[in-house]
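**Q** First residue of the sequence shown: 2, per this note's numbering; consecutive thereafter.
Incorrect hints may have been included.
As the list claims (entries may be wrong) - Capping the alpha-carbon separation at 20 angstroms, the derived lysine to aspartate or glutamate pairs in EDC-like fashion look like this: (1) Lys281 - Glu294; (2) Lys129 - Asp166; (3) Lys282 - Glu314; (4) Lys152 - Asp103; (5) Lys8 - Asp91; (6) Lys8 - Asp132; (7) Lys281 - Asp304; (8) Lys313 - Glu294; (9) Lys8 - Glu172; (10) Lys301 - Glu259; (11) Lys251 - Glu207; (12) Lys152 - Asp209; (13) Lys306 - Asp274; (14) Lys7 - Asp103; (15) Lys33 - Glu20; (16) Lys152 - Glu169; (17) Lys33 - Glu182; (18) Lys59 - Glu48; (19) Lys59 - Glu21; (20) Lys281 - Glu207; (21) Lys8 - Asp55; (22) Lys59 - Asp91; (23) Lys33 - Asp55; (24) Lys7 - Glu21; (25) Lys281 - Asp243; (26) Lys251 - Asp209; (27) Lys251 - Asp203; (28) Lys7 - Asp55; (29) Lys251 - Glu182; (30) Lys152 - Asp132; (31) Lys129 - Glu169.
Honestly, the hints are just simulated from the structure, not real lab data.
Model, not experiment: these values are computed from the prediction.
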Amino acid sequence: MPNETKKDIKSLLPAELEEEFAALGLPKFRAKQVFKWLSSGASSFDEMTDLSKDLRAKLGGIYHITVPAVLRRQTSASDGTEKFLWGLSDGNAVESVLMCYDYGNSVCVSSQVGCNMGCAFCASRGGKIRDLRPSEILDQVLWTEKETGKKVSNIVMMGIGEPLDNFENVERFLRLVNCPEGLNIGMRHISLSTCGLVPGIDRLAELDLQLTLSVSLHAPDDETRTSLMPVDRRWNVAELTDACRRYFEKTGRRISFEYALIRGVNDSDAQADELAALMKKVRGHVNLIPLNEVDGSPLKPGDAKRFAAALKERGVNVTVRRRLGADIDAACGQLRKRTMKESR
Numbered sequence: 002m003p004n005e006t007k008k009d010i011k012s013l014l015p016a017e018l019e020e021e022f023a024a025l026g027l028p029k030f031r032a033k034q035v036f037k038w039l040s041s042g043a044s045s046f047d048e049m050t051d052l053s054k055d056l057r058a059k060l061g062g063i064y065h066i067t068v069p070a071v072l073r074r075q076t077s078a079s080d081g082t083e084k085f086l087w088g089l090s091d092g093n094a095v096e097s098v099l100m101c102y103d104y105g106n107s108v109c110v111s112s113q114v115g116c117n118m119g120c121a122f123c124a125s126r127g128g129k130i131r132d133l134r135p136s137e138i139l140d141q142v143l144w145t146e147k148e149t150g151k152k153v154s155n156i157v158m159m160g161i162g163e164p165l166d167n168f169e170n171v172e173r174f175l176r177l178v179n180c181p182e183g184l185n186i187g188m189r190h191i192s193l194s195t196c197g198l199v200p201g202i203d204r205l206a207e208l209d210l211q212l213t214l215s216v217s218l219h220a221p222d223d224e225t226r227t228s229l230m231p232v233d234r235r236w237n238v239a240e241l242t243d244a245c246r247r248y249f250e251k252t253g254r255r256i257s258f259e260y261a262l263i264r265g266v267n268d269s270d271a272q273a274d275e276l277a278a279l280m281k282k283v284r285g286h287v288n289l290i291p292l293n294e295v296d297g298s299p300l301k302p303g304d305a306k307r308f309a310a311a312l313k314e315r316g317v318n319v320t321v322r323r324r325l326g327a328d329i330d331a332a333c334g335q336l337r338k339r340t341m342k343e344s345r
C-alpha cells in the first residue's frame, strides 16, 4: 500500500479538496486546478505546470497520487476488445476490459481484489483480499483512456468483486466519475452489477443515483440459484425480488437481470416459465449471457438463442449479450487467475 502517512488525494471529492486546501491556506481555485489534473490522469504533482514548484513540493509531501502499472494488456483479434491487468501499489492486481460499440466505448471495472461471493461460474472465486479505494477504481477508467487513446463514455461495474460489498468506496467513485469538473460521465451511462445483496440494493435505492442496476440472477428458483450462488442462502429469490421491486418504485429505473445460460442447469422450459413469472412481478429485463468457460469448471454454455426465443414467447423483454473478447480471457478474474498461476 502507499505511504499511509500521506492522504489519497484522488479519492477526495471537489468540495473536500477545497476544504483541505483552505486548511492549508490555499485559495479554492487551486483545488479546482488539482482536481482537473487528477481527472486527466496526472501521475505526479510535477506534471501540474500551472502550480508553482514550491506548491507542488508542498502537496507532494502531504498527498500521494495512485498510479497503476500495466502488468498485461491483451487485444482480441476478432473484435478489438482490450483487457488490462493492473498492478496496484501493494503488489495485488485487478482487471478491466474496454469494449467498443457503435454508441461509444465501455470500460468494465473491478471494485475489489478478489471476491467473497463464491459464484460457481466465476473465475474470481477464492476470496476477497481487500476492497479497492475510490482512486483505484477511478484509475481503471483514467488509465484505460491513457493507454488506448480512446474516450470512455460508459462504465460497467461488473469486474472482479461485488460492488455493494464495498459500498462507501463505490459510492464515492461514482460521484467522482460523475463530477462535471472531472470525467463527467452521466449516471445513466453507468451500470452497477450485484449478485443480490439486499441491504445494499435498498441503500442504493435511497441514493437515487439514476444509474442502471444489474442483478445477477442466473436462476429463477432457490434450489438452482443456491447451487450457483451462495448468496442465495442469505437472501433468497423472493427477498431479492422484493428488494428489486422497492428499487424500481423508488428510482423508476428498470432493472436488468443478468442470466448466464448454463447447459442442463438453468436452461429448461420449466425455468423459462418461472423466469417469465418473476419478470412480471418486477417489470425487469433479462440479459442472457453466453457463459464464458473457465478452466477447471464443468459448466458449459447453454443455447442462448433457443432460451431467448422461449422467453420471448412468454412475453419477457430479453436480449442476448454480444460475446466479446473470448480469445483474451475476457471473463472477470481469468487473466488475474492465470497470471497468478504462472507466477507461482
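**Q** For every hint, state whether the structure bears it out.
**A** Quick rundown of the hints versus the structure:
no., hint, verdict
1, Lys281 - Glu294, "31 angstroms, violated"
2, Lys129 - Asp166, "10 angstroms, holds"
3, Lys282 - Glu314, "17 angstroms, holds"
4, Lys152 - Asp103, "13 angstroms, holds"
5, Lys8 - Asp91, "16 angstroms, holds"
6, Lys8 - Asp132, "17 angstroms, holds"
7, Lys281 - Asp304, "23 angstroms, violated"
8, Lys313 - Glu294, "26 angstroms, violated"
9, Lys8 - Glu172, "19 angstroms, holds"
10, Lys301 - Glu259, "17 angstroms, holds"
11, Lys251 - Glu207, "7 angstroms, holds"
12, Lys152 - Asp209, "26 angstroms, violated"
13, Lys306 - Asp274, "16 angstroms, holds"
14, Lys7 - Asp103, "42 angstroms, violated"
15, Lys33 - Glu20, "12 angstroms, holds"
16, Lys152 - Glu169, "26 angstroms, violated"
17, Lys33 - Glu182, "8 angstroms, holds"
18, Lys59 - Glu48, "14 angstroms, holds"
19, Lys59 - Glu21, "13 angstroms, holds"
20, Lys281 - Glu207, "24 angstroms, violated"
21, Lys8 - Asp55, "19 angstroms, holds"
22, Lys59 - Asp91, "25 angstroms, violated"
23, Lys33 - Asp55, "18 angstroms, holds"
24, Lys7 - Glu21, "13 angstroms, holds"
25, Lys281 - Asp243, "13 angstroms, holds"
26, Lys251 - Asp209, "7 angstroms, holds"
27, Lys251 - Asp203, "9 angstroms, holds"
28, Lys7 - Asp55, "18 angstroms, holds"
29, Lys251 - Glu182, "28 angstroms, violated"
30, Lys152 - Asp132, "26 angstroms, violated"
31, Lys129 - Glu169, "16 angstroms, holds"
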